[in-house]
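S.K.: Now for the letters of each chain:
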Amino acid sequence: MDTDTQLRQDIIALIAEVTCEDDISEERDLDLFESGLLDSLAAIELLVGIEERFGVDIAPTAVEREEMNTVNRIIAQIEQRYL
Amino acid sequence: MDFYVSPSFWFLLIAAVVPAAILGFTGRRIRYYGLVASVAFLLLLFSVNMIGLLYFLVFLVLAAVVTAVVMREWSRGQQRLWVYRLGLAVVLVPLACSKVGAVFDENILGFIGISYITFKAIQVLIEIRDGIIGRLTPFDYLYFLLFFAPFTSGPIDRSRRFTDDAARTFSRDEYAGLLSKGIVMLLTGAVYKTILASVVFAAYTPETLGLGFGAREVVAAVKDAYAYGLYLFFDFAGYSLMAIGAGCCFGIVTPANFKAPFLSCDIKEFWNRWHITLSFWLRDFVFMRFTRFAIKRKLFGSRQTVACVGYVFNMTLMGAWHGLTLDYLAYGLFHGLLLAATDIYQKRSGFHKRYKNAAWYRVASWVVTLNLVMFGFALFSGQAHLITGGLLHGY
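So the protein sequences, as listed, match chains A and B.
Residues 2 to 84 in the numbering used here are what the first sequence spells out, letter by letter.
Residues 35 to 429 in the numbering used here are what the second sequence spells out, letter by letter.
Quick caveat, the hints were computed from the structure, so don't treat them as lab data.
Possibly wrong hints are sitting among the right ones.
As the list claims (entries may be wrong) - Where chain A lies over chain B, by a calculated footprint (3+ residues, C-beta under 8 Å):
(1) 111 to 123
(2) 161 to 171
(3) 326 to 335
The beta-carbon is built from N, C-alpha and C at its ideal position, and this holds for glycine as well.
Make the full structure from the sequences, and use the hints.
M.R.: Okay, structure coming up:
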C-alpha cells in the first residue's frame, strides 16, 4: 500500500468520524453540506482534525465551500498541501 | 445626500454610470474611474456632516496603517501575534465606541457606514494573518473599502472577490448583460424600498394589548409583527438590490443579501437567506473562529455544547452590533437560543430524522419558522417591549 493510498484512507476515516457516516467512502462525490452531513461546526471539526492528524492548516475562509464539499474535493485540498 | 433615497443621488448616479459604461463597453478597466467616482460620492455623503467626515478619515488612516504593518509582518515571516491583535483592536475601537456612545445619545467616533467598512477591514486583517491574502496593493485596499455602492449599508463584500471583479475587463456583450442586470436591480430595489416598504409600513400600528386583552388585540399584535417583518424585508432587500445594481454598472458583482427568506423551513435556513452577507461574515469570522478555538482547547465537553455556546455568542454579538439596547440584545439572544435548540432537535430527534423530507412536515416546519421569525421582528422593532410594558403596567 503506497503512502498516497494510506493518506486517502486516513482522510476518509476522519470524514467518516466527523460526519458520523461509516459508508462515506462509497459516495465520494456526494455534496456533504447539501446532504446535511456537514454544517459549520462539523466543517471546523474537520479542519481541526486535518491540522492535528496531517499537519495541514486550512483557515476557515481559505477554501470556498464548493471546493471542499465532497470527499474527493476534501482529499484533493489536503493532498495539494500535504508535504 | 442620502444614497438611494435623495433625488440628487439618482441624478448623480445616472451621470456617474455614463463614463463607467463607456469604459465597460470599450473593454477597459473601470476600477480607476470607479475609485474617483466613489471618493466624489463619499464627499457628497459626508458634506452635511463634517465631524463624520473627520471620524471617517481617522478610521481610514488607522485601518490602512495597521493593515500595512500586519501585511509587512506576515510577508517578512515575523508574524508577531500581538501586532495582529493590536491591529484588530485599533480597527474595532471606533465601532465599539460608536455603539457605546449611541446608548448615551453621543456620537463617539461614529460615521455613516462605519459598521460595513469595519467588517471589511477586519476581514482583510484576519485573512492576512491566515496567510490567505499575501498581497494587496494600496489601490485595491482603498477601492475595496471606499467603493460607494455598498458603502452605507452593505452587502458586505470580500476583498479577494472584489479585487478580482475590479481587475476585470469585459467584452461588449458581457458588459451589456451586466449593465442591464444592474439597471433592472436598481429599478426593482427602488420599487421594493419606496413603494412596497412604504405600503406595508402603513399597516404597522403597534399598541399595547389594552385592558380588553382578547383575540382581537392578539390578532392586531400579530398583524403588526408581520407588517414590520415585511416592511424590514422590502426596505433592506430593496436597498441591497439597489446597491448590487449600482455595483454591476461599475463591473462589481456584490454578493446577494436576501434569497426569499420567508420560505425558510428552519431557522438555520433563514440565516442562509436573510442578510446573508452579515450572517456569513459572522459565521466565518466569529462562529467558526470561536468553535475552532473551543475545540482545539477542549473548552467544552461535547460538540453539541460547543455548537450551542457558539450560536448564542455569535447571535448575541449580532444583536449587540444592531445596538446596545434591550430590544436588540433580546433579538440576538432569541436567535442564538433558537439556532442552538434547532441544532439539538435536528441532531437528536428521531421524529425529525424520520419525517424531515415529508411534505406535511416541511409545511409545518415552514409555518413554525415563519412565526418564530416574525416574533423575532417583534423583539427587534420594540413591539414586544411595548406590549410587555403595557401588561406589567396594566394598560
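S.K.: Against each hint, give a clear statement of whether it holds in the structure.
M.R.: Evaluation of the provided hints:
| no. | hint | result |
| --- | --- | --- |
| 1 | 111 to 123 | violated (count 0) |
| 2 | 161 to 171 | holds (count 4) |
| 3 | 326 to 335 | holds (count 3) |
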